[in-house]
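In this note's numbering, the protein residues as written are 1 to 255.
Keep in mind that the hints were calculated from the coordinates and are not lab data. Nothing here was measured: the structure is a model prediction, and the numbers come from that model. Using N, Cα and C, we set each Cβ at its ideal position, and we do this for glycine too. Worth double-checking, as some hints may not be accurate.
[To be verified] Calculated lysine to any residue pairs in the SDA-like style (CA-CA distance at most 25 Å, straight line):
(1) LYS176 <-> ASN140
(2) LYS146 <-> SER47
(3) LYS177 <-> GLU17
[Unchecked claim] Quick list of simulated restraints, FRET-style, between CB atoms:
(4) SER98 <-> VAL163: 22 to 28 Å
(5) LYS166 <-> VAL49: 18 to 24 Å
(6) ARG67 <-> ARG118: 22 to 28 Å
(7) GLU227 <-> SER47: 23 to 29 Å
(8) ARG205 <-> LYS32: 23 to 29 Å
(9) ASN226 <-> LYS33: 21 to 27 Å
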Amino acid sequence: MAITAIKQKRISDEVFEQMKEHIISGDWAPGKKIPGELELVELFNVSRVSVREAIHRLVGMGVLTIRRGEGTFVTEMLPENYMNALLPILMIEGSSFSEMLEFRAIIEVESARLAARRADEQDFYRMEEVLQVMERCKGNNREFAKADLNFHVAVAMATHNSVIIKVNAIIHDMLKKMMEEIVAITGYTGGLYYHRKILEAIKERDEEAAVRTMSEHINVTIDKMNELKSGGKIDGATANSTNNGEDDPDDHSTA
């Protein structure tokens with residue numbers, strides 16, 4: 001098995017984990033208001049951005065609810081339902097690249113179809129904005145991977161399907177880690193190439209083109225990862241190549 005560098009955990013991930021534990025343990029009871037944003041900043045000794053990211057993830061999972069003018073509350077549900085909402089994060093740990101990519105091939109292809117059918121002007125703007133960020137981040141694997149994932153999140157949001165949006169929120173961590181590894185191996189050109197084509201199809205309301213392009217996008221990446229795995233360049237769960245992809249304009253594999 002290949003040895004890979006240990007990655008530093010993001011501060012917002014640490015905040016998320018601690019907030020999650022407060023909810024699971026019952027410290028923050030169902031229906032009760034959690035500490036305000038500024039109080040959480042002081043408690044965790046982190047930035048407001050890190051606190052907001054953690055809160056938004058828990059809101060996306062349906063565990064927290066934001067009430068305008070009142071604050072953030074723990075959603076009223078049975079304890080076992082909290083576990084049902086939070087357990088998937090634990091279950092997918094250790095999943096291989098190929099398993100996660102196969103999962104994405106199932107959910108994201110149909111997400112592209114729904115996005116082409118339902119996206120509004122705000123969705124178009126969000127996807128365009130993410131593409132611009134991707135352009136600016138070429139040369140920075142971590143930031144490019146974050147923007148790459150944000151594009152797929154934007155497509156999910158454009159479906160206006162609450163289940164799809166929540167599933168994306170639940171698996172966000174795993175996808176983030178996977179995207180960083182894929183970008184490190186396959187570079188920048190593929191993500192930009194396919195994302196432009198996907199956005200074009202969505203804006204034109206061409207559902208079949210959106211499906212076809214998203215499917216090709218993910219399947220090309222699956223083929224690339226399988227090729228590298230069979231060649232012993234990755235171990236199936238992690239990767240350590242740093243190719244930036246800019247020397248191969250025909251390589252469109254970045255997911």
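Structure versus earlier hints - violations, ascending order: Result: hints 7, 8 and 9 break, sorted rising.
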